[in-house]
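Chains S and R are the protein sequences, given in the same order. Note that UniProt numbering numbers the first sequence so that position 80 is 80, with each residue one more than the last. Note that UniProt numbering numbers the second sequence so that position 64 is 64, with each residue one more than the last.
FYI, nobody ran anything at the bench for these hints, they're computed from the structure. Ideal Cβ placement from N, Cα and C applies to all residues, glycine included. Be a bit skeptical, because a hint or two may be false.
Said to hold, decoys possible - One-sided excerpt, in silico: chain S residues whose CB lies under 10 Å from chain R:
id, residue
1, R48
2, L53
3, R78
4, L101
5, Q107
6, M153
7, C163
8, D165
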Amino acid sequence: MDKAITVAALTVAYGAATALSAIDLEIPKGKVTVLAGPNGCGKSTLLRAIRRLHQPKSGEVRLGDLPISGLKEKELARHIGLLAQNPSAPDDMSVEELVRLGRYPHQSMLQPWSAADGEAIQAAMFGTGVSHLADRRLGSLSGGQLQRVWIAMVLAQETDIICLDEPVNHLDMAHQIDCLDLVRRLNQEHGRTVVLVLHDLNLAARYADRLVFLKDGSVVAEGAPAELMSEELIEDVFGISCRVITDPVHERPLCIPIRNSSPRFRADTAA
Amino acid sequence: MPLASSTTSIRADPRIGHRSLFAGLALLLLGLMYLSLALGYRLYSPEEIWTALTAFDGSETDVVIRDLRLPRALMAPMVGAALGIAGVIVQTLSRNRIASPDTLGLNAGAAFAVVMASGLFGVVSLPGLSLAAAVGALLTSFVVFGLAAAAGGISPLRIVLVGVTFAGLFDSFVNVVLTVNETMLDQLLFWLAGSFADRKLGLALNGLPFVVVGAALAASLARPLDILQTDDSTARGLGVPLGVVRGLAFLAVALLSGAAVAMAGPVMFVGLVVPHAARALVGLGHRLQIAAAAMVGALYTTLADIVARFVIYPREAPVGAVTAIVGGLLLLVLLRRRAA
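Turn these sequences into a full structure, and let the hints guide you.
Written out as structure tokens, the structure reads:
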């Protein structure tokens with residue numbers, strides 16, 4: 001299996017608090033890898049460290065065989081695109097103006113704007129179905145449209161690897177599916193490597209080629225969703241007793257939560 | 001420029017639109033600069049102006065036009081352009097559409113330095129006060145940037161908080177000193193209100209390089225400034241080195257506001273209002289926004305300087321008061337529109 005990114009003995013700390021401890025992980029090329037785990041497990045931190053938004057305390061992240069610490073800012077931005085958690089831009093910015101920002105890593109003072117840039121933003125807007133919104137102000141869009149536009153911006157960056165940090169957080173069910181179907185299509189039709197942080201375990205199981213469970217800053221388990229989604233493991237990672245059945249439509253594991261089984265929460269309920 | 005695409009946009013090629021827009025603004029500015037020479041306590045004909053500029057013979061008319069009117073006709077647009085550009089950068093840096101160089105405490109820092117120079121070293125001449133103002137604005141910008149950047153990354157919110165704090169501190173100090181010392185108040189009031197009157201041509205020439213370098217630096221940062229309008233994570237994801245860009249942008253603001261305050265004293269509200277007009281004209285891209293802010297700022301201060309000669313005719317109102325009144329009203333309109 002080809003690897004796009006290797007995480008080797010990566011430790012990240014916020015001040016004295018260790019957020020990730022000695023993580024080893026390979027992100028396979030051309031696949032959708034989903035990082036999942038309970039709140040505060042370090043999944044977003046890991047995603048951001050992969051994109052070098054956190055400096056590791058020790059260990060490293062390699063892009064192919066190159067440590068990303070040696071890459072220039074724009075160089076790294078030509079390889080890895082990032083859709084941040086709750087991204088923001090001025091309400092009166094137009095859709096096209098935002099998507100154009102994605103071309104920044106491909107431009108320089110000497111070559112400000114090229115035909116390739118124009119094609120990339122048109123393709124990105126077309127691929128995400130927002131071409132007809134090009135002149136609209138961001139503030140006039142619905143949440144689902146807005147998220148598509150942000151994905152278009154990351155697409156315009158034309159990176160092999162795309163990292164998305166909880167992209168469906170504020171979306172309703174229809175738009176969650178819509179957004180993740182879009183991500184899936186980008187992966188399947190354009191062969192892009194996708195790394196997703198997802199909260200919702202069932203969405204994770206549905207869209208992941210490879211699922212990574214984190215808990216307390218460590219990788220607990222990784223593998224295909226069908227192998228990984230056992231009732232015991234989910235109880236261990238998420239602190240919830242559950243039944244796992246097979247989703248009859250997509251034939252993916254589906255977790256049905258029963259009750260919170262972590263001692264802390266049980267104590268709360270008892271009291 | 002966006003490629004005009006038949007599928008996504010029915011606008012005409014925007015490049016042509018912008019070219020005629022800027023040509024129109026430039027013509028308007030030349031017209032106002034001419035009026036700045038012609039209008040005032042005394043009115044001059046085109047022949048008189050032409051003679052004074054090309055065949056100076058020491059007559060009273062020639063002296064007034066060359067030594068009194070010409071410097072302000074040149075200085076007003078420079079100051080306006082500088083403050084307009086500085087305003088654009090400050091609003092982008094702070095992600096706050098009602099921020100301005102005033103918000104960063106630069107004008108207050110300049111006023112503080114002027115009061116100090118006057119009180120401690122007895123400086124009362126205009127060139128001396130200008131130098132003090134420039135130094136004050138520069139030092140303040142470094143202190144504000146340094147404090148905002150200390151203890152972890154520099155954030156838009158910290159920039160505003162530190163700036164507003166320093167503006168308040170300096171303003172209070174200036175007020176206390178001037179309340180106690182009435183002689184100094186009399187001497188400095190004309191400066192503290194902001195004006196283009198009685199400036200020598202040399203002052204404009206001294207300010208020019210700072211304005212040019214500051215504007216060039218701002219223009220060279222146009223692309224990363226576009227991206228600073230998004231959140232920090234997105235900006236870094238696109239490969240913008242935030243610290244470097246913010247530092248350079250701050251330097252541009254310091255050069256531009258420092259030069260402006262040195263030439264005219266604190267001219268309020270220009271840096272606040274002009275960026276709004278610039279965005280309304282050309283959108284949010286900084287290359288055009290900076291150019292438009294320079295033009296609109298130049299128009300605004302030049303017009304305000306002419307108006308200031310007539311509002312309490314035959315005496316002259318401080319131009320800073322005119323820009324503040326007009327700017328304040330415009331701001332209220334903007335806020336109303338946003339709330340609506």
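Here is what the structure says about each hint:
Hint status for S/R48: holds, given a least beta-carbon distance of 7 Å to chain R, under 10 Å. A hinted interface residue such as S/L53 counts as satisfied when its beta carbon comes closer than 10 Å to some beta carbon of chain R; here the least separation is about 6 Å, so the hint holds. A cut of 10 Å between beta carbons decides the hint on S/R78: the least distance to chain R is about 8 Å, and the hint holds. Hint on S/L101 holds. Least Cβ distance to chain R is approximately 5 Å, under the 10 Å limit.
Hint status for S/Q107 relative to chain R: holds, with the closest Cβ pair at about 7 Å, below 10 Å. The beta carbon of S/M153 is positioned within 10 Å of a beta carbon in chain R (closest approach about 8 Å), and the interface hint is therefore held. For S/C163, the shortest C-beta to C-beta distance to chain R is roughly 8 Å, which falls under 10 Å, so the interface hint holds. Here the hint on S/D165 is kept, as its CB sits about 8 Å from the closest CB of chain R, short of 10 Å.
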